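S.K.: Protein chains in written order, with the working numbering: chain A, 8 to 532; chain B, 88 to 297.
Derived from the structure by calculation, the hints contain no laboratory data. A quick note: this is a predicted structure, and the numbers were derived from the prediction, not measured. The beta carbon of each residue, even a glycine, is placed where N, CA and C say it ideally should be. Hints are supplied without guarantee of correctness; some may be wrong.
Said to hold, decoys possible - A short list of chain A residues far from chain B (calculated; beta carbon distances all over 12 Å):
1) A78
2) N113
3) G198
4) T214
5) K271
6) E280
7) G373
8) A451
9) M474
10) A489
11) K491
12) R494
13) V497
14) V511
15) Y523
Unchecked claim - Listed below are several chain A residues computed to face chain B (Cβ distance under 7 Å; list not exhaustive):
16) Y46
17) N136
18) K478
19) N481
20) Y490
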Amino acid sequence: MMKRIIAIMLAALLILAGSVSFAATGSSNVYQGYTFDFYGNIKSTPAAFNLSMVITEGTVYRTNSKGQTSATSFPFNTVSDVCTTSDGRIIVADGNPETGRVYIFNADGTMATIYDENGNELTGINPINTIKTLNDKGRASNLTVDANGMPDSSTKTTTSLKGCEGVFFHEKTNELYIADSGNQRIVVLDGTTFLFKRFIYRPADMTGATEFKPAKLAVDNADRIYVVVKSSYEGIIELNEDGSFSRYFGVNEPTINLLDFFWKSIATDEQKEKMGKTYAPAFNNVTLDGEGFIMAVTSDSAATKSVFRLNFAGANVLREMGNTPVVGDLGPDAASAFTDIAVKPYGVYAVLDKTRGRIFMYNFDGELLTVFGSMGNLSGQFRNPTGIAWLGDKLVVTDSGLKCMYIFEPTDFGMALLNASEAYYNGDWDEATSWFEEVLRLCANLETAYVGIGKNKLMQEEYEEAMRYFKLGNNHEFYSKAYKGYRTIVMKENFGIIAVVAVVAIGAVLWSEVAYHRKQRRLSK
Amino acid sequence: MKLLTKDKLQYWGHSLLHPFDGFFEIRFRNHGSLLIATALLVIYAILRCLSYQYTGFVMNMNNIDEMDALSIFISTISVVVLASVSNWTITTLFNGKGKLKDIYIVICYSLTVLIVGDAIVTFASNFVTTEEVMILTSIQMVCYAYFVFLLIAGLGTVHEYSFAGNLASMVMTVVAAAVILFIGVLIFTMLERMYSFVASVTEELMRRLQ
Numbered sequence: 008m009m010k011r012i013i014a015i016m017l018a019a020l021l022i023l024a025g026s027v028s029f030a031a032t033g034s035s036n037v038y039q040g041y042t043f044d045f046y047g048n049i050k051s052t053p054a055a056f057n058l059s060m061v062i063t064e065g066t067v068y069r070t071n072s073k074g075q076t077s078a079t080s081f082p083f084n085t086v087s088d089v090c091t092t093s094d095g096r097i098i099v100a101d102g103n104p105e106t107g108r109v110y111i112f113n114a115d116g117t118m119a120t121i122y123d124e125n126g127n128e129l130t131g132i133n134p135i136n137t138i139k140t141l142n143d144k145g146r147a148s149n150l151t152v153d154a155n156g157m158p159d160s161s162t163k164t165t166t167s168l169k170g171c172e173g174v175f176f177h178e179k180t181n182e183l184y185i186a187d188s189g190n191q192r193i194v195v196l197d198g199t200t201f202l203f204k205r206f207i208y209r210p211a212d213m214t215g216a217t218e219f220k221p222a223k224l225a226v227d228n229a230d231r232i233y234v235v236v237k238s239s240y241e242g243i244i245e246l247n248e249d250g251s252f253s254r255y256f257g258v259n260e261p262t263i264n265l266l267d268f269f270w271k272s273i274a275t276d277e278q279k280e281k282m283g284k285t286y287a288p289a290f291n292n293v294t295l296d297g298e299g300f301i302m303a304v305t306s307d308s309a310a311t312k313s314v315f316r317l318n319f320a321g322a323n324v325l326r327e328m329g330n331t332p333v334v335g336d337l338g339p340d341a342a343s344a345f346t347d348i349a350v351k352p353y354g355v356y357a358v359l360d361k362t363r364g365r366i367f368m369y370n371f372d373g374e375l376l377t378v379f380g381s382m383g384n385l386s387g388q389f390r391n392p393t394g395i396a397w398l399g400d401k402l403v404v405t406d407s408g409l410k411c412m413y414i415f416e417p418t419d420f421g422m423a424l425l426n427a428s429e430a431y432y433n434g435d436w437d438e439a440t441s442w443f444e445e446v447l448r449l450c451a452n453l454e455t456a457y458v459g460i461g462k463n464k465l466m467q468e469e470y471e472e473a474m475r476y477f478k479l480g481n482n483h484e485f486y487s488k489a490y491k492g493y494r495t496i497v498m499k500e501n502f503g504i505i506a507v508v509a510v511v512a513i514g515a516v517l518w519s520e521v522a523y524h525r526k527q528r529r530l531s532k
Numbered sequence: 088m089k090l091l092t093k094d095k096l097q098y099w100g101h102s103l104l105h106p107f108d109g110f111f112e113i114r115f116r117n118h119g120s121l122l123i124a125t126a127l128l129v130i131y132a133i134l135r136c137l138s139y140q141y142t143g144f145v146m147n148m149n150n151i152d153e154m155d156a157l158s159i160f161i162s163t164i165s166v167v168v169l170a171s172v173s174n175w176t177i178t179t180l181f182n183g184k185g186k187l188k189d190i191y192i193v194i195c196y197s198l199t200v201l202i203v204g205d206a207i208v209t210f211a212s213n214f215v216t217t218e219e220v221m222i223l224t225s226i227q228m229v230c231y232a233y234f235v236f237l238l239i240a241g242l243g244t245v246h247e248y249s250f251a252g253n254l255a256s257m258v259m260t261v262v263a264a265a266v267i268l269f270i271g272v273l274i275f276t277m278l279e280r281m282y283s284f285v286a287s288v289t290e291e292l293m294r295r296l297q
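Bound-form chain B, shown alone:
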C-alpha cells in the first residue's frame, strides 16, 4: 500500500481552500494522510525553534543565550497531541463522528497556515524597522484568524456538529485538556513519591543487612 498518493496531497491543498468540502472528503472518503499531518507537525515544531532564534533583532525579544530547542520542539508537539486527545475524549461522549485520526489530521492540516505565516514573518522580520513591525504582526494575526477558522470548520465537519455545538465542544476540550494535565501531574508526583519511598526502604534494608 502506498503511504502517500498524489490524491492525498491534492486533498491537503483542497482542504485548506475549501475546508468544509475538503475535510468532509478526508473524513468520509478516506482522503486524509497521517504521514502528511505528522510531517506538517514536525515542520511546524522545527519552525518554532527557528523563529525563536532567527526572528530579526528588531522584533526578537527572546534571550537566545537561554534558548532550549528541545523544549520548544517537544512542547509544540505535545500541545497538538494533547488538543487532539482531549477533543476526542469530549466528542466521543457527545456524539461526535470524528475518529482520533481525523481530529489529528484536521489540526495538523490547519497548522499549514501557521507554518506559512511564521515562515514569512521570521524571514521578513530581518528586513524591517520598528515602524514596520506592525505590518508583520497583522500578517501574523490574519494567519492566526484563518487557522482558527480552519479548525472550527474542520472539527465541525468531521464531527457533523452544528456551529454552537462545535464551539461548546471546543470549550469543553480546553477543560478536558486541563483535567488531563492535572491528572498527568498527579501521576508524576505520585510516581516520584513511590520511587523515593521504594528507594529509601531499599536503602534502609541495605544498611540493616550490612
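With the rest of the complex left out, here is chain A:
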C-alpha cells in the first residue's frame, strides 16, 4: 500500500515537473554537435557553442531624487525576434498579440541606459512600448496621433506597439525598424535615443492580395525596406525609402507533384475548384548578408529550397558547393523548418530550425560546418525557437516557448571554424589552412575542413597532397582538378618512356600489316 502511494506521488511529481516551463538557469550546457558526410551519414563533432547566458526578463533600475534605487522587471511574454547592433547591443522584440515591447540590452545582458544627443539620460524609454518623442523641455514624452495614426500634437491619443514580431537595426542611417504587426505598420525609431522618427503604413499604391501585416523586415544599403508578411504567397514586399510600394520580390517556386498534376489534368473545372490550390511557398524571415544580398528562409513543405540568397532580380544565387545541399537535416522524415537566419559579414550563416531545435552553420560556399541544439525544457534547449542573431562571434537565440533569450559563446572548436571560414572567405589561404588544421585536430570528421586544406594545396600546386585531402573530404570535383595537374606533371616527367612505348606500339602494328601482306603476296605467287 505504501509503495503504491509513493508511486502515485512520484507520477504526480513527474507530471507537475513537465508543466514547469523553465527549470534551471545553469551557466553552461555542453552540446553534442554533428555534421553530415558526403553520403548523408551523421558524423559527430565537438560542441561549437556553449551556453553563456540565459535572459528571461529586463530589469530597469531607477534612482529617485532621494538617492533610493528601485528595480522594475519586465518579464518576456512572447519573444519573437532579435537583432544586434555593431556596438554590441541586443534588441529583442516581444510581441504578445495584446501588447508589444522592444527591449534594448547591453552585451552583458543588462538593460541599456538611453541617452539623448546631449548625453542626458532619457528615462522610461527602455523597454519601448508607448512611442515617445521629445517635448519642449527636452524630456521624453508620449507621442500623440490623430485618427489615421499619423503624429498630431493637438490630440491626446497615444500609440503603443502591439504584437511586434520583428526588429531590424539599420546601421547606415542609425535607425531601428520595428514590424508593428498588430497595428499593421512599421515604426522607425532613432537608433540612439529610440525616439519616434516615422511610421510606415500600407502604401496606397500597393497591389496584390497580401495584407500589410509586417512580420519580419530588413533594410538594405540603398534604404529599401523588405517586408515579410506571414503566409503571403506573393513574395517579399519591397518598399522604397519613403515607404511607397516598389514591388513583390523573390517569388518562391512551389514543387510540382506528378500525381497532383495527373489528377488536375483530368479533373473538371468544378472538381478543380474543390481541390486545394498550390500556392507559392511563403518566406519566414529575411536578413541581409555582408555583400548586400537578401537572405531569406522558408519552412513551407511545398518549397523546393529552404534557404535563399536573392539577387536584385529576385533569383536565388545561394552557393551550394558542399557535399550536402543546404536543407538542414537530411533524410526523408527529417525535414527542417527554418524560422530565422543570421549571417556574418564573411558569409557564415546560422539557420534556426524549429522542428528539432537545431542550429545549422554553413559557410559562404554552402558547406555544412556544424549542427547543434535540441528540443527540451532544460536551459540551453529550445521549445519554440524564433530568432537568431550574431553578436560578434557569439550567437543570440530567442525562444518564445521558454520565454527566454540565450547567448551562446563559441568553444575553441567553434572559434577555429569561424576563423577558418573568415580567412577562407578573405582568401588568406595559409591562415585558413592553419585554422582548418586546428579544426581537424579537434574533430577529424569534418569533410569541409579537409576540402579547405585541399584547396590551399591545390593553389600551391602540391597536387598529390591536394588529392589526398580532397579524397578525405569526399570532394570529387576538386579531386579531379588536382588529378589533372598531377597527371600533367607525371606525363611531362615520363614523356620519354611514354613516347618510346607509343612509337613501338605504332611500329609493331604497321610491321604486322606489312608482314601480313608480304605473306599473302608470297602465297598468291
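Please build the complex by placing chain B on the supplied structure of chain A, with the hints as guidance.
M.R.: Same frame as chain A, but now just chain B:
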C-alpha cells in the same frame, strides 16, 4: 566426355560477332557450353564487386566503407538466374523452342560484352578527370546497347520468334520475374510466421511441462 572443347570456345566468340548464326548453332547443333556460361557469370559478378571498389575516385560515388561484396555477388547472379527462369516459364507457354539451358547460355554469353565494358571503364576511370568521364560513360552505353542487341538476337533465335513476338515475350518476362519475386517474398514471410508459430507453441509447451 570432354566438358570444354576448342569448338565450343570458338562458337562462344562466333556468337558474339554473328549472334543469329552463332546462337542458332548453339541451340540446334549443341555448340553451347554451360561451363563457359557459368564461368562468364561468375567473372561478371566478381567484376561488379571490383568495379564498386576500384572505379576511380572521380567517377566512384559509392561508399566503400559500407561495401558488401557478398551481396553484390549474389544479387548479380540471382538477377541472371531469375531472368532465365522467368523467360523460360513464359516461352514454354508461348511456343518458344528454347530450353532453360539455351536461355541461360544466351544471357551469360551476352554478358561478355558487359564484362569487357566494365573492365575497360573500371580500369580507365582511374586516369580521367571529370570532363573525360563522358567518354567512359559513352563506352559503357555502347556496351549496354550491344548487350541488349545480343540478348534480343539470341533469345529470338533460340525460341524461333518473330521480332515483335520476341519483344512481347521479353516484356512478359519482366512481369513473370515480378510475380516470381512476389511469390518468393510471400513464401518467405509465411515460413517465417510458421517458424515463429511453432517456436512459440514449443516454448509454451516447455513452460507448462516444467
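S.K.: Can you give the numbers of the hints that this structure goes against, from lowest to highest?
M.R.: Failing hints, ascending: 9, 10, 11, 12, 13, 17, 19.
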